[in-house]
Amino acid sequence: MTEPLLRIDQLRVRFDTPEGVVHAVNDVSFQVGAGETLAIVGESGCGKSVTALSILRLLPSPPARLAGGSIRFQGQELTSLGETALRQLRGDRIGMVFQEPMTSLNPVLTIGRRLTEGLRRHHGLSRRAARERVLALLERVQIPDPSRRLDQYPHELSGGMRQRVMIAIAVACAPSLLIADEPTTALDVTIQAQVLDLIGELCEAMGTAVILVTHDLGVVGDVADRVVVMYAGRVVEDAAVDDLFSRPLHPYTQGLFAARPNLTPTVAGQRARLTEIPGMVPSLRAGVTGCAFAPRCRAATAQCRAQTPLLRPFDSSGHAVACHHAGGDA
Amino acid sequence: MLGYVLRRLVATIPVVIVVAVVVFLLARLAGDPASVIAGENATAEQIAQIRNRLGLDQPLLVQFARWSWSIAHGDLGVSIFTNTPVAQLIVQRIGPTFSLAVVTIVLAILLGIPSGVLAAVFVRRVPDRVIMMLAVAGFSIPIFVLAYLLILGFAISWPILPVQGYTPLARGVLPWLGNLILPGLALALVYAALIARTTRAALLDVLAEDYIRTARAKGLLPREVVWLHALKAASVPIATVIGIGIALLVGGAVVIETVFAIPGLGRLTVDAIARRDFPVIQGVILLFSGIYVLINLLIDLSYTWLDPRVRFT
Ligand SMILES: Nc1ncnc2c1ncn2[C@@H]1O[C@H](COP(=O)(O)OP(=O)(O)OP(=O)(O)O)[C@@H](O)[C@H]1O
Ligand SMILES: [Mg+2]
Chain X
1 MTEPLLRIDQ LRVRFDTPEG VVHAVNDVSF QVGAGETLAI VGESGCGKSV
51 TALSILRLLP SPPARLAGGS IRFQGQELTS LGETALRQLR GDRIGMVFQE
101 PMTSLNPVLT IGRRLTEGLR RHHGLSRRAA RERVLALLER VQIPDPSRRL
151 DQYPHELSGG MRQRVMIAIA VACAPSLLIA DEPTTALDVT IQAQVLDLIG
201 ELCEAMGTAV ILVTHDLGVV GDVADRVVVM YAGRVVEDAA VDDLFSRPLH
251 PYTQGLFAAR PNLTPTVAGQ RARLTEIPGM VPSLRAGVTG CAFAPRCRAA
301 TAQCRAQTPL LRPFDSSGHA VACHHAGGDA
Chain R
1 MLGYVLRRLV ATIPVVIVVA VVVFLLARLA GDPASVIAGE NATAEQIAQI
51 RNRLGLDQPL LVQFARWSWS IAHGDLGVSI FTNTPVAQLI VQRIGPTFSL
101 AVVTIVLAIL LGIPSGVLAA VFVRRVPDRV IMMLAVAGFS IPIFVLAYLL
151 ILGFAISWPI LPVQGYTPLA RGVLPWLGNL ILPGLALALV YAALIARTTR
201 AALLDVLAED YIRTARAKGL LPREVVWLHA LKAASVPIAT VIGIGIALLV
251 GGAVVIETVF AIPGLGRLTV DAIARRDFPV IQGVILLFSG IYVLINLLID
301 LSYTWLDPRV RFT
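Residue numbers (full-length UniProt numbering), protein chains in the order written: chain X, 1 to 330; chain R, 1 to 313.
Only chain X is shown next, with the shape it has when bound in the complex (with noise of 0.2 Å):
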């Protein structure tokens, strides 16, 4: 098998803090073909970020730690990676966009400035050149009137069209991967699916795979050709996101889909009742031993508790769960 365009093995970050080392990733392992989507799901807090960033390395370290594992892309590792290196990777073959674009934008420098600087940093191109680029790139992300747009600054700009200027940013030099952290969290409902389709549509033109982390399970459905989900620091499950939708395996996978509020009305006209899953996110100062959903879990057992369960392989379809009860036996 040809190497995969991002492979992450047992990757563990810690973060030291005042109150004692919170285990944020714990043996985290997936991979990401090229051209492939792949949506990051699971709970607030469950490290999905963190992951995320300490792919480039942009966790503020310290407190932020690489405790072990591996993350090649292209073939090259880049936890050992120098700084030097490491920058010509950010932004030019790696793009990321980020959750927040009220925040993300720097308030005192116009929007043709921030997304001509990559430009002609990796590509070394002259200032008019890189405007001639930019303006293009605007009118890809449907931006209406690129020109007047470059010389205006974030404030000037609604929350989509700050995505949309942040994903210019993040695609600027074609990257091979765009890392997305819930690039739409923040935005009205109407917009999203309009900035979703529009990652959608520039990565597809331009072969670029894509990790989406995300809430929204209705999102990955749409989007994502692969799934991960996480719970407290670990990979649960790993699958087809069709494989992954007909046949749930893990409980807590099998609980996102139940407290999924079906928006779809019932025959007498009401909508399906949420199913929480019961209990709380475990904290991850601890080094949790036994499986960490086990005190959520219905089917728990004293295995559960004692041992913990790692990622294996379920069927040849490459559909992988962390359960020990997983498929009914164990």
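Simulated coverage check for chain R against chain X, where a stretch passes if three residues somewhere in it have a Cβ under 8 Å from a Cβ of chain X: (1) 229–236; (2) 304–310.
Simulated crosslink set (EDC-like; lysine to aspartate or glutamate; CA at most 20 Å straight-line): (3) R/Lys232 to R/Asp300; (4) R/Lys232 to R/Glu209; (5) R/Lys232 to X/Asp151; (6) R/Lys232 to R/Asp205; (7) R/Lys232 to R/Asp210; (8) R/Lys232 to X/Glu156.
Derived CB-CB ranges, DEER-like: (9) R/Phe122 to X/Ser80: 22 to 28 Å; (10) X/Ser316 to R/Arg309: 52 to 58 Å; (11) R/Leu221 to X/Arg65: 19 to 25 Å; (12) X/Arg65 to R/Pro14: 55 to 61 Å; (13) X/Gly200 to R/Leu9: 54 to 60 Å; (14) R/Leu221 to X/Asp222: 36 to 42 Å; (15) X/Arg65 to R/Gln164: 56 to 62 Å; (16) X/Gly45 to R/Arg8: 46 to 52 Å.
The set of hints was computed from the structure by calculation and includes no laboratory data.
All values reported here derive from a predicted model rather than from experimental measurement.
Built from N, CA and C at the ideal position, the CB exists for glycine as well.
Please arrange chain R with the ligands on chain X, whose structure you already have, making use of the hints.
Chain R with the ligands only, in chain X's frame:
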């Protein structure tokens, strides 16, 4: 924008009036100039005569009305000692003080901003600790002690700079600067300390912002991130503290001009107070308050340039 400037200027009128009243009363508090002019052995009659000539026997309200009237006509009055018009005295003395102020501010900025940036980048590490310690020292050493230490160091022990005096700019940049470096430095250190602390704090806030992560995700060099993206975003508090520094300079200038024998406005004021030459005191203080008001306006206007979110209408 223009409307804003005009409104701000109009709004300063009450301030100027209050300042004028305070200045007027303060100058009277300095004591009776007539007895100083008349000398120690003067009779009560002679003193009364002088008081009459200067209009000091009039009720305060009348004196104030006369003075305001002439101020409103651009007449600052005449020194009661040298009989020179106050405006002319100010013009003679403003060059050295202005030069001192410029050199001081430039030095304070050149020392303060890079130190603050360095401290923020290396926060809680050795460079930060050292810079913040120096900043505390800069705050706590009195200006005149610093001035004498600098003279001792760079003019006496290692005589590379003149001890005292002033050379006008017209006689060459180097001689001019040579005379101003030590007094400028003595005066600048406390402001540099202030600027460094503010820069550090403002930059630390900005460096924790999401958009700094965005800039890094774009693959920019750390120095581009800090000096372009972060410093520009942190510039409003820094500009404010620089402006405050300029405004506070006056007090220090009086001390420094005395120590370094610089014939500037500070010296003029000190001499005028000693002689109770109230037209000069009033004129100089009024000038300083005018400058103060103007600088404040300029700082506020600079915000629109530094931060596009600020708009004056
Ligand atoms: N700077 C930090 N210092 C200490 N702990 C941190 C820090 N950043 C993140 N963490 C911890 O790491 C864990 C994972 O956080 P992360 O931001 O990855 O969650 P997430 O899955 O992205 O959640 P959300 O959906 O809310 O964005 C959290 O428990 C959080 O407390
Ligand atoms: Mg997150």
